[in-house]
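Chain by chain, the residues run as shown.
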Amino acid sequence: MSVPALLLVQNAAFGYGRRAVVSGVNLRVEPGQFLGLVGPNGAGKTTLFRGLLGLIPPLEGRVERGARAIGYVPQRESLDALYPVTVEEVVQMGAYAKLRGLRRLPRDERERAVVCLERVGLAERRAAPFSTLSGGQRQRVLIARALMVEPELLLLDEPTTGVDRGAQAHILQLLSELNATQRLAVLLVSHQISMVRQTVQRVLWVAEGRVTEGLAAQMLAPENLDRLYSATGRAPLGEDA
Amino acid sequence: MDELEVISWGERLSLFRFALLAALLAGAVCPLLGVFLHVRRTSFYGIALPQFATAGVVFGFVILPWWLENIGLGALDFAGAMHDSHAAMNYHLAWSNVFTFGGLLALLALGRRGGSEVGRVAASFAIAAAATLLFGRMSPVGKGFVDELLSGELLGVGVHECETLAVVFGLAAGALLLFQRDLLLVSYDRESALVLGKRVFALEAVLTVVTGLVISVGTMVLGPIVLFGLIVLPAIGARAWARSMRSYLRLASAFGVGAVLLGVAASFEFDLPLGAAITGAAALLLAPGGLLRRG
Chain A
0 MSVPALLLVQ
10 NAAFGYGRRA
20 VVSGVNLRVE
30 PGQFLGLVGP
40 NGAGKTTLFR
50 GLLGLIPPLE
60 GRVERGARAI
70 GYVPQRESLD
80 ALYPVTVEEV
90 VQMGAYAKLR
100 GLRRLPRDER
110 ERAVVCLERV
120 GLAERRAAPF
130 STLSGGQRQR
140 VLIARALMVE
150 PELLLLDEPT
160 TGVDRGAQAH
170 ILQLLSELNA
180 TQRLAVLLVS
190 HQISMVRQTV
200 QRVLWVAEGR
210 VTEGLAAQML
220 APENLDRLYS
230 ATGRAPLGED
240 A
Chain B
0 MDELEVISWG
10 ERLSLFRFAL
20 LAALLAGAVC
30 PLLGVFLHVR
40 RTSFYGIALP
50 QFATAGVVFG
60 FVILPWWLEN
70 IGLGALDFAG
80 AMHDSHAAMN
90 YHLAWSNVFT
100 FGGLLALLAL
110 GRRGGSEVGR
120 VAASFAIAAA
130 ATLLFGRMSP
140 VGKGFVDELL
150 SGELLGVGVH
160 ECETLAVVFG
170 LAAGALLLFQ
180 RDLLLVSYDR
190 ESALVLGKRV
200 FALEAVLTVV
210 TGLVISVGTM
220 VLGPIVLFGL
230 IVLPAIGARA
240 WARSMRSYLR
250 LASAFGVGAV
260 LLGVAASFEF
270 DLPLGAAITG
280 AAALLLAPGG
290 LLRRG
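If you read the protein sequences in the order shown, they are chains A and B.
Note that numbering that gives the first Met the number 0 has the first sequence beginning at 0, numbered continuously upward.
Note that numbering that gives the first Met the number 0 has the second sequence beginning at 0, numbered continuously upward.
Since the hints were made in silico from the structure, they are not lab data.
Here the structure is a predicted model, which is why all the values come from computation and not from measurement.
The C-beta atom is built at its ideal place from N, Cα and C for all residues, glycine as well.
Mixed in with the good hints, there may be bad ones.
[Said to hold, decoys possible] Covered, in the sense of this in silico footprint (three residues per stretch, anywhere, with C-beta under 8 Å from a C-beta of chain B), are these stretches of chain A: (1) 51-61; (2) 68-75; (3) 79-86.
[To be verified] Not everything, but these chain A residues come out facing chain B in the computed CB check (under 8 Å): (4) M92; (5) Y95; (6) A96; (7) L98; (8) P128.
Just chain A, with the same shape it has in the complex:
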């Protein structure tokens, strides 16, 4: 008996207006999978990612979201430091979908926000202004916020971009633990090839408007990278595409 898919994409095309940026997308995400979405800049990674999140509808084909809840971790640069929000407020935003009107966040949700912060190792910073945290810490807070929805599938947009190597390792270890201990399916977008190769099981390679799926170790092996990039007409930019 097959496992029900958390995310199922069949012959889908995504784009803007009537122009497809990526097409012929087929994807099945099951519990416990760890996937990386990689490819050269401008290849359509963000468009595909937005399509998977449901932010843009498919131009053709089908997208079924079977997951009870999807946790989304945006790029932290998209969050403006002008907002005087505390770490705890940011995490509690994950529970806003359940709230109506002036009702206070229930005590169990507030406690769960602290548990989620403990999970990412930042409970002691919960009263700190979000903007005062380092890049890596902010990323972990956003992961804690995504955990507030009790997701079966976690979608992350460039989670390790712009953070130092120590923070990168911390974030990837956290994601690997969540994946291994809670069978949380993880799909992350990245242009950091070496990081993706070491962390994820399978890769979705996006180039020239098409998506190819395969094992990370094979597809992102150094000898294959040259072939993948030459097919796009671009030179590989070392290990970081």
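With chain A held as given, fit chain B onto it using these hints.
Just chain B now, kept in the frame of chain A:
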């Protein structure tokens, strides 16, 4: 001796109670809107849109004779329309709304095309300011009212204006507080709000309507100078002290009320135009926050 000098503070407060009540309401509510405009980096809307509203009010005077002749305003003749404060206020309020929402929707529509937001808003402010002066020159009537409106002299606010302001600002404050969490999420992280299933378009529409109503009614009753001051300045002043969004809203509102009280005291004590005094007081309240940031 100036006539006002022989009137006691108690008598002044009683005489100008509607103006003071309207100013206090604006002091409490305008900064709530200002907070959302500030964090969304659209504070300039708080400056440009009152100018649109003013242009609308002045335009109402330009076409008042034509309007009375061809469409009518209840059963009022020209003299009646100029002196019946209720009917005249509703008429000008309608024009204020038309111009404010027209300007707001135009700015939002142009914003979707990209480019410089600051440049667009600055250009629209210049156009609205020029239109106000041109309409004022073309208008055969209403010069006294328009001069008072532009100079921020709000002591003439009467019961009808105060009632209208109370209803509209009460609804606006209610909407901002009721939806504060959702508006925060939608403003702070729009994509996450969509993924969480929030009705982002509806929430943004709520903010747009609240912005338009507060500015059009506020400008009509209090004038653009007070609106500039109370929407923009308390939100900037309170930001330096705020540690959370909830405290930011409370502080900004407190700063607004504080600016009104200080402005009223300065106006009565030194015989200054009330609107300008309130805005000046709001500007003074920026100083402690500025020092805190430097320190």
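We went through each hint and held it up to the structure:
1. 51-61: Since 3 is at least three, the answer is holds.
2. 68-75: It holds: at least three residues are needed, and the segment 68-75 of chain A offers 3 whose Cβ sits within less than 8 Å of chain B.
3. 79-86: holds (count 6)
4. M92: The hint holds - M92 of chain A has a Cβ within 8 Å of chain B, the shortest such distance being about 5 Å.
5. Y95: Where the cut-off is 8 Å and the nearest Cβ of chain B is about 5 Å from Y95 of chain A, the hint holds.
6. A96: Holds - the Cβ of A96 of chain A comes within 8 Å of chain B, reaching about 4 Å at its closest.
7. L98: Interface hint status for L98 of chain A: holds (6 Å vs cutoff 8 Å).
8. P128: holds (7 Å)
Checked against the numbered hints listed earlier, the structure breaks none of them; every hint is satisfied.
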